[in-house]
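Please put together the full structure from these sequences, using the hints given.
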Amino acid sequence: MAMFSQNPVLNGPNYSFAEVPQHAVDGLREHRFNPYTDNGGSTLAIAGADFAIIAGDTRLTAGYSINTRYAPKVFKIGGSTSSQDDANILLSVVGFAADGEALKERLDAVCKMYRYRHGKPMSVSACAKRLSTILYQKRFFPYYVHAILGGLDEDGTGAVYSYDPVGSYEREQCRAGGAAASLIMPFLDNQVNFKNQYIPGSGVGHELQERERVPLPRNEVEVLVKDAFDSAVERHIEVGDGLQMMIITKDGIEERLLPLKKD
Amino acid sequence: MDHRPQAWGRPRDDVYGAYDASYMQTNQPNQHTQSPIVTGTSVLGMKFKDGVVIAADNLASYGSLARFTDVKRLRTFAESSVVGFGGDVSDMQYLDRHLTELAIDEAYTSTTTTPNAQPTLNARNLHKYLSKLLYHRRSKFDPLWNSLLVAGLDEAGAPFLAAADLLGTTFTSPSLATGFGSMLAQPIMRGLVPDEASVAQVTREQAINCVRECMKVLFYRDARSLDSYSLAVVTKDGVELSENEKLENQSWAFADRIKGYGTQTV
Numbered sequence: 001m002a003m004f005s006q007n008p009v010l011n012g013p014n015y016s017f018a019e020v021p022q023h024a025v026d027g028l029r030e031h032r033f034n035p036y037t038d039n040g041g042s043t044l045a046i047a048g049a050d051f052a053i054i055a056g057d058t059r060l061t062a063g064y065s066i067n068t069r070y071a072p073k074v075f076k077i078g079g080s081t082s083s084q085d086d087a088n089i090l091l092s093v094v095g096f097a098a099d100g101e102a103l104k105e106r107l108d109a110v111c112k113m114y115r116y117r118h119g120k121p122m123s124v125s126a127c128a129k130r131l132s133t134i135l136y137q138k139r140f141f142p143y144y145v146h147a148i149l150g151g152l153d154e155d156g157t158g159a160v161y162s163y164d165p166v167g168s169y170e171r172e173q174c175r176a177g178g179a180a181a182s183l184i185m186p187f188l189d190n191q192v193n194f195k196n197q198y199i200p201g202s203g204v205g206h207e208l209q210e211r212e213r214v215p216l217p218r219n220e221v222e223v224l225v226k227d228a229f230d231s232a233v234e235r236h237i238e239v240g241d242g243l244q245m246m247i248i249t250k251d252g253i254e255e256r257l258l259p260l261k262k263d
Numbered sequence: 001m002d003h004r005p006q007a008w009g010r011p012r013d014d015v016y017g018a019y020d021a022s023y024m025q026t027n028q029p030n031q032h033t034q035s036p037i038v039t040g041t042s043v044l045g046m047k048f049k050d051g052v053v054i055a056a057d058n059l060a061s062y063g064s065l066a067r068f069t070d071v072k073r074l075r076t077f078a079e080s081s082v083v084g085f086g087g088d089v090s091d092m093q094y095l096d097r098h099l100t101e102l103a104i105d106e107a108y109t110s111t112t113t114t115p116n117a118q119p120t121l122n123a124r125n126l127h128k129y130l131s132k133l134l135y136h137r138r139s140k141f142d143p144l145w146n147s148l149l150v151a152g153l154d155e156a157g158a159p160f161l162a163a164a165d166l167l168g169t170t171f172t173s174p175s176l177a178t179g180f181g182s183m184l185a186q187p188i189m190r191g192l193v194p195d196e197a198s199v200a201q202v203t204r205e206q207a208i209n210c211v212r213e214c215m216k217v218l219f220y221r222d223a224r225s226l227d228s229y230s231l232a233v234v235t236k237d238g239v240e241l242s243e244n245e246k247l248e249n250q251s252w253a254f255a256d257r258i259k260g261y262g263t264q265t266v
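Listed in order, the protein sequences are those of chains A and B.
Per the UniProt record's numbering, numbering through the first sequence is continuous, rising by one, with the last residue being 263.
Per the UniProt record's numbering, numbering through the second sequence is continuous, rising by one, with the last residue being 266.
Because the hints were derived from the structure by calculation, they are not lab data.
Note that the coordinates shown come from a computational prediction; the quantities given were computed from them, not determined experimentally.
Heads up, a few of these hints could be off.
[What the hints assert, rightly or not] To be clear about the criterion: a stretch of chain A counts as covered by chain B if any three or more of its residues have a C-beta under 8 Å from a C-beta of chain B, and this derived list gives those stretches:
no., stretch
1, 33-42
2, 58-72
3, 93-106
C-beta atoms are modelled at their ideal positions from N, C-alpha and C, and glycine is treated no differently.
The following block contains the structure:
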């Protein structure tokens, strides 16, 4: 059965084509469809003693082009209606915008189902765990986003949870995400967590005493956020146009829109 | 030579090589549309105070060949919205059939008996539907290779214009352009409608003139464009679609002054 075997015939002449392809070129081609893109933008979240602020710029880019100057990255999650008036959780997503949108809608649907089944809104810590699970469910085809979740915990203290694309998460005092994260995060380390700030005259070397960490008041945090974004806009081309700030307190969620440089 | 009956009528291994059975295997990855073949270029859209203008030329290119010169790339939906297609034309035709089916289903199931009832699927709903479809297909690694603009009115009767592409990325803006238009036409349109607030000051004539001017710029500089185009205006009174517009008052006076790539002086 020579024609069914993959072997040369035993008698007579062999292949006239010396380099006949023995196997089809594998299904994988050189140019594969790439399901991801980077839509730029940056986000930032800071937790206070009785509030949490999540902010993001509103620019949406594709390469060097600006798709739109107003595409919000911060969302209210888990309200009982689509207006989200009674929402108690904030989510920001930055990275691949389509995945961000899908993730936001998944988490919102989950929170709405929880509210419907249990007759109460989801707590921030429960929602934080659930978001991690949602992200990890797509471990091998991830949502390509840096998500940050914000709200008030059971004690009424500001809470910020930050995630990597596959669901590793951690509660933090502050976090910057997205294109300008590497520009903003060191500034936050210094200004929120007082890194490299020491009490003057407390000694040298190991004797040096760190400045005591205290949660910042809301007005100071708002200025900090604006300054962080103004600086990021200056040095990162994918950040700009508008600054969307969501502030969650025991009285609800406030939204502020501030202009950023459009260049 | 193999004289056994099993080999009769089959290509000889000693001449053609052994049959490569891997072509017969079905357990390898499916080959989806991995790149567009026949393509349409830019689609432009712009909001004005009581509606939206949208335009696309009538060309379907086969690479650099201007293959089909009478392909309409705008389609109306439920007599109240317009979808403009850029990218692969066969995927556009698939979406077109899909939307026709959807429109029929909607017309049957919706109970709009009053004469001036709103369509059940407005432009915002339609855009959400299409972007979910595109995102779903990209997640299956079988994308519909298009970038779309959806023009119409939202549930409040306000002008609505939004884009969706093969990755499922979506965004809205007072003016939008796909493909080359995002580089050549969008800056011109943004001059007229820089932000959402300025839309209320723009008249229908201003918007149409601006879009026509942009189509001309695209014809000058986009090698995959055509001077015959379709233009639609969506308002609360419905859709006015004109599919055989011609570019007027072209001025090629600049052409003989261009040397090299345009920056050359001698």
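- Unsatisfied constraints (hint numbers, rising): Failing hints: none at all.
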